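Trainee: Starting from the known structure of chain A, arrange chain B on it as the hints suggest.
Chains A and B supply the protein sequences, listed in that same order.
The working numbering applies: residue 9 is where the first sequence begins, and numbers increase by one.
The working numbering applies: residue 9 is where the second sequence begins, and numbers increase by one.
There are no misleading hints in this set.
Same chains, same names: a pair is fine if it fits in one copy or spans any two.
In silico PhoX-like cross-links for lysine-lysine, where the CA-CA straight-line distance does not exceed 25 Å: (1) Lys231 to Lys260; (2) Lys85 to Lys97; (3) Lys314 to Lys428; (4) Lys305 to Lys428.
Derived by calculation from the structure, the hints in this document are not laboratory data.
As the structure is a prediction and not an experimental result, all values here were calculated from the model.
There are 2 protein chains.
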Amino acid sequence: MTSEVSPALLVDLYELTMADAYRQEGIADRRATFSLFVRSLPPEWGYLVAAGLEDCLSWLQGLHFTPSDLAAIDQFKIFPPDFLDWLAKLRFTGSVRAVPEGSIVFAGEPLLEVEGPIAEAQLAETYLLNQMTLQTTLATEAARCRHAAQGRAVMDFALRRVPGTDAGMKLARCCRLVGLGGTSNVAGAVRYGLAPSGTMAHSFVQAHADEMDAFRAYAQVFKEATVLLVDTYDTPRGIERAIQVAGEMRAKGIELHGVRLDSGDLGPLAALARRRLDEAEFPAMTVFVSGGLDEYKIDDLVERQKAPIDGFGVGTSLGAAGGAPTLDSVYKLVNFDDRPVRKTSTGKATWPGAKQVWRRTDWTGDLMALAGETSPDDSYTALLEPVMHSGLPTSRGKRDLVEANTLFERQWLALPGPLKRLRTPALHSVEPSAALRRLTAAMDAGRPGAVEADPKSRPPS
Amino acid sequence: MTSEVSPALLVDLYELTMADAYRQEGIADRRATFSLFVRSLPPEWGYLVAAGLEDCLSWLQGLHFTPSDLAAIDQFKIFPPDFLDWLAKLRFTGSVRAVPEGSIVFAGEPLLEVEGPIAEAQLAETYLLNQMTLQTTLATEAARCRHAAQGRAVMDFALRRVPGTDAGMKLARCCRLVGLGGTSNVAGAVRYGLAPSGTMAHSFVQAHADEMDAFRAYAQVFKEATVLLVDTYDTPRGIERAIQVAGEMRAKGIELHGVRLDSGDLGPLAALARRRLDEAEFPAMTVFVSGGLDEYKIDDLVERQKAPIDGFGVGTSLGAAGGAPTLDSVYKLVNFDDRPVRKTSTGKATWPGAKQVWRRTDWTGDLMALAGETSPDDSYTALLEPVMHSGLPTSRGKRDLVEANTLFERQWLALPGPLKRLRTPALHSVEPSAALRRLTAAMDAGRPGAVEADPKSRPPS
Chain A
9 MTSEVSPALL VDLYELTMAD AYRQEGIADR RATFSLFVRS LPPEWGYLVA
59 AGLEDCLSWL QGLHFTPSDL AAIDQFKIFP PDFLDWLAKL RFTGSVRAVP
109 EGSIVFAGEP LLEVEGPIAE AQLAETYLLN QMTLQTTLAT EAARCRHAAQ
159 GRAVMDFALR RVPGTDAGMK LARCCRLVGL GGTSNVAGAV RYGLAPSGTM
209 AHSFVQAHAD EMDAFRAYAQ VFKEATVLLV DTYDTPRGIE RAIQVAGEMR
259 AKGIELHGVR LDSGDLGPLA ALARRRLDEA EFPAMTVFVS GGLDEYKIDD
309 LVERQKAPID GFGVGTSLGA AGGAPTLDSV YKLVNFDDRP VRKTSTGKAT
359 WPGAKQVWRR TDWTGDLMAL AGETSPDDSY TALLEPVMHS GLPTSRGKRD
409 LVEANTLFER QWLALPGPLK RLRTPALHSV EPSAALRRLT AAMDAGRPGA
459 VEADPKSRPP S
Chain B
9 MTSEVSPALL VDLYELTMAD AYRQEGIADR RATFSLFVRS LPPEWGYLVA
59 AGLEDCLSWL QGLHFTPSDL AAIDQFKIFP PDFLDWLAKL RFTGSVRAVP
109 EGSIVFAGEP LLEVEGPIAE AQLAETYLLN QMTLQTTLAT EAARCRHAAQ
159 GRAVMDFALR RVPGTDAGMK LARCCRLVGL GGTSNVAGAV RYGLAPSGTM
209 AHSFVQAHAD EMDAFRAYAQ VFKEATVLLV DTYDTPRGIE RAIQVAGEMR
259 AKGIELHGVR LDSGDLGPLA ALARRRLDEA EFPAMTVFVS GGLDEYKIDD
309 LVERQKAPID GFGVGTSLGA AGGAPTLDSV YKLVNFDDRP VRKTSTGKAT
359 WPGAKQVWRR TDWTGDLMAL AGETSPDDSY TALLEPVMHS GLPTSRGKRD
409 LVEANTLFER QWLALPGPLK RLRTPALHSV EPSAALRRLT AAMDAGRPGA
459 VEADPKSRPP S
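The shape of chain A in the complex, shown without the other chains:
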């Protein structure tokens, strides 16, 4: 294994060049607000499950450049020595408001907003986007698989296919967040308190003289926990052999757990397995399937084929490596030096100002308002809450994964069915408040897209 990366170096070079420019201009401490949001949802996605905040707050709280970090940056020969001195003292002293992890959010709504000295808040862009994008994608994809399975167990089998070990760990975390059934990832199960899940590989069957020997050997060791993989050579024959071994074990007072199918036409094969297990008087043995599954295939098996499947193991698709879409997430400056800012580039215009999102408690729509606005009326609740103040997490910034899961479960129960649909979901209404519209219009009427000219924000000449 390569050694651990210094967290502070997980930044894009331009965060450093801008910080130095701000410093040399003498404006590095001017206050700024950045808003992190997803511009538009992938075509078939009706919602997002916000995730990643805990790692972002930890990164901000721990932000510092070590002597070896500074020596490495010095090697670039880009920066003057006084910038390195400045970096050595740098800590994150700003504040963060965010939607709690596990919250359901929609396009354009801030997942979090960072307020602080511009050089500090800018520096956080890369890591915050990296983690919020990754974890929100993984949590949403996992929630979609859970929805497709309609109460059947869904297990994370993706560690081998997820892009890298960080994504593998964060996937296990997100599976815990959205209440999936378990994970094959031992480290993920350990760290995030998810049930460990797994049975045997085809290689185990191949390493035995024949399939029966493999089944007997495995059942002998794992007894009631045994799930036999029946598709290594010929699935119908594998099912019969599993039934035979289950009978042998029953004679010893042991009831096997089930069978797993990992290839072929899963619906009919699951039906065959179910019928044969029932006929052989093993109605309690479960049928577990895996192999190239995603939310659409799970939905097809459950909803259209009514396949008698008890659980799904999902790999590639849950790992978001090609299965799930890329989120169009951005981290945009919305306030600088107490003035709202907006960008007007074609197709990339942003709403100005720090925001609050108000959600109607009956889920009929959200209102995107300026952060200073009060609740429109008591049919609304606010989504963003203070999670970090002057560089330290607030009590709300210390929610653990169990609390986040509880919050998710509550919102998941309330989330209207049309928004949960796997294809062509309903569009949730997110309206700007009157004040946000007025501010934007006033800015556009003045000097389009720019902060109003203001002598105090000019660089010293």
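Mentor: Same frame as chain A, but now just chain B:
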């Protein structure tokens, strides 16, 4: 940041359950060979660039379960105490043969083969697949972008969008491997010796009274290294302002580096920027573009539009998060207890036995042979070489990234153009040797798919 993951726990649970079953059967030490390969290439990909071996060898060499790992596994209440004792003593004692990193390989060809006691070799499956799949995907995608750019610089701007920090680091590594121009990822530049790359963000322009102020402030600090981002408000106007600031700096004896376009119709805008820079007598200033690029868009700009672009910054697509396809990689048992093994599941059949790949030096085809076969004739060279022996890397297993890049450059130069094509590439011929075909036929004629029944491979009863 969450604390470092214990590497040994980056396994799927079933690696542990199988290890315990093998142990209880008394066959955990029987020798096995597993072959890691990619079953088929993504539709538009003509080749793969092998990558990830260094991390795999490090993982194997460092493999051990710490007392806290064992305590965590014990919490699962799945395993008996003597299995934990066995795990505590476990080290990887096997051997690895592999194609060197940076090698061009094709579908079905082993990237690496692990030979050793079956429980050890099986345990490595998850981590090896995770890293080889990730890094081979990233290296290949980076090579495709390099090919599309036809000698122009390609920079990795993906850290914010790559799925997690491990993938971000490995991307920088793979960019170094295939000779890309630089990375925005500071940690990646530091660790892998890639040039750090980056300029300014839109937020920097927005944080100034107007665009001119921002350009002047940045140029004042970064002088000859300055690349001005000209699309925050209105690109043609941004280009004129960049020219004006370039003129002001020239009056001070400083020549700016260039401009960057990050939105809009990049081809015509680059042509406009080039024309205006030339007219204003800044022919040495470069035009750099970014924003939603992938190999196809780069190819369109370079090959079809002949856009006068000097460099490309690539984000999402290079990060493989939805941009690049998932590789259909597998880790299959091919030998057990000195006997070849193959799997015959529908659509998932594998060639038996440990392999060597022989490549014709004129790239007219590869021969997939059994590992014991000698060179067909001297027009062939062998691709797999011993990189680890009895748990320790050989001299060939200690190649560094610079050597791997040298090897890549040599193969890249030789790789025929039709295989490099971005769309509908030629199909490289990979033929099984006569001996491999004979072995497979003999196995199928005997007992389809299974190891021949052999009393010594039966579990003790």
